[in-house]
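Sequence lines, in order, name chains A and B. When we follow the working numbering, the leftmost residue of the first sequence carries the number 1, and every step to the right adds one. When we follow the working numbering, the leftmost residue of the second sequence carries the number 1001, and every step to the right adds one.
I should point out that these hints are in silico values taken from the structure, not numbers from a laboratory. No false leads were mixed into what you were given.
Stretches of chain B that chain A covers, calculated by requiring three or more beta carbons in the stretch to come under 8 angstroms of a beta carbon on chain A: (1) 1129-1137; (2) 1354-1366.
Among the chain A residues that face chain B by a calculated CB cut under 8 angstroms, a handful are: (3) T2; (4) T3; (5) K5; (6) L10; (7) R21; (8) T38; (9) Q68; (10) T69; (11) C71; (12) I72; (13) L74; (14) E76.
A virtual CB, placed ideally from N, CA and C, is assigned to each residue, including glycine.
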Amino acid sequence: MTTVKSLEDLKKLREAALEKRAVKTASGQAQVTVAMGTCGIAAGARETMKAILDTIETENLSGIVVSQTGCIGLCEKEPIVQVVIGEQPKVIYGKVNPEVARRIMKEHVTGGKPVEEYIVTA
Amino acid sequence: MKAVRSMVLVSNDPESLARGAQEVYRSFKEEVQSYGLENEISLTMAGEVGRKDIAPMVIVYPEAVVYGPVSREDVHTIVEEHLYKGRVASNLQAPARELTGRIAWLSARKGTLPAEKRIVLERAGLIDPDDIHDYIAHDGYTALGKALTEMTPASVIAEIENSGLRGRGGAGFPTGSKWKFVSKTVSDKKYVICNADESEPGTFKDRLILEGDPHTIVEAMVIAGYAVGADEGYIYVRGEYHLAQRRLAEAIRQARGMGFLGKNIFGSNFNFDIHVHSGAGAYICGEETALIESIEGKRGEPRSRPPYPTTHGLWGKPTAVNNVETLANITAILRHGAGWYRQLGTINSPGTKVYTILGNVNVTGLIEVPMGITLREVIAIYAKGMKDNATFKLAQTGGSSGSIIPASLQDTPMDFDSFGRAGVSLGSGALLVCDENTCVVDLARVLLNFFRVESCGKCNPCRIGNQRAYEILGNIAEGTGTMKDLDDLQKISGFLYQLSNCGLGQTAGTPIRDVLAHFRAEVEAHVRLKVCPTGVCPMSGKRTPVL
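Just chain A, with the same shape it has in the complex (with noise of 0.2 angstroms):
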């Protein structure tokens, strides 16, 4: 890793990670970020995430990065799966088992059609 030594060193590690950022919006790739907190996890956000790589692994997709993050402060809701597809707007999904990951990835990751009924609003 690059040690970081001067203000101009982090805003120079801050743009490459943005641009990264953006790659990756401006080609159209699916984001698939799962609450990992403790409430998600106990809401079995774990087999929420194995369902998720599962379906990646068997149906051979590719262009999705699938990542973590904590809990968003609607544990009512865990466990939550946020999805970004390039420059479309977040859309969050609450209770998501197993199953309704399986049909996100399906219907709405590789199908581009939200699935509706799960869909959180604030």
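Assemble the complex: chain A is given as a structure, and chain B must be docked to it using the hints.
Relative to chain A, chain B alone:
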């Protein structure tokens, strides 16, 4: 979650629903969309907002204007005039004489928006906590870079002091002053400690911050170290928080790798490193001196104060102990400035507060809102009202050591000073909301059981007082309490507060005091009439002798 400029609440108590609140809400949604305002305006159904005679009622923030009674036909005018053109539709406003009593609190909220505002939780749920690059992409470590390369330790402290940030662990001590005390103490070695013991029942804000955004704590601790002149830091994490510990350890490893921890950080001659120390499951170790003892490898018992940790802390050296949420505010303050921070919240308690909402409400979870929001607003807006349309009876703020707040105080702004004046404490941010089916004797008994078990036993008032109070409450719950028991309870509560060595004992008497102050009639019903009004207590007629 998103920033909005206006907030519209439509009442949905049974009376309002009967008079067409649902239709009003739907028309609002349509009208707001037809004007293209859906991204600027938040629309919510809120229960328990006010009076029946002007139902259904519509409140528009931040002007805190009350319209009512509102029919479907009025919605168009309100949206066009008020939300689109920015003029209050005065002909539809509720008559001034109706704005008394239960909704009088609204006038005090003029100019404020009870919308969520995320500073502490800015990145939680957005970034990958295990990826330092993701943190850096979200302005991570810029505050540290700024502090180390452009500011002196004194100017960092001055900035925090000017921001008015107060400790979020419960006591509300000004953070800038604390740092100043430590920095002014002359010593060859100083420490910074992050108190992440968070053992208050019902509080989980620190866990969320640590799990979702661990780097912000690492960064803030290095800044604190620079400001006070310390080169070593400890994060004391509650033993049960395995995931938080793992994520912190990973964050520290990555920060070391990139030179944000270690020697000559940002090319300066400042060195700092952090250790993660796991607690072992004792509530008392959240008390800062017991926490220090625990890090030193001793039994977790509080020390006598003074001297305070700011002069004699870890291994006798000056130590700054800060709560997780307090530290999570630091980087934002340095990035945006003290002036920006002061715009949020109230004059004496600037900034935001994270609350964990639980109990008999429709939606439980976590929110971060500016200081000064009222309990009624939290319940109506964020908790979406009481479950099963029950009546709000009381709320307990800040976990077991917090206060019991009766319905009559639910319009008190939630900030350190207003709560202090009302004789209640804000605590750590847990909001346990209870409905009419909660028995206050039972509640107090559960709390005292907790304190009785968690008391470290070092001082007599706490060790014995909690046990006796628990036994007395047990007898009251069995229907064998006497009026003398009530006097004894009152006395024990006073002794606990006056004579205990540390915060645990001092706050253990609060539930008894609050219950006797606000719900005496209900307690007396248990004693005089041998009846538990809510039917919760067993009332078996057994009496256990109290020594």
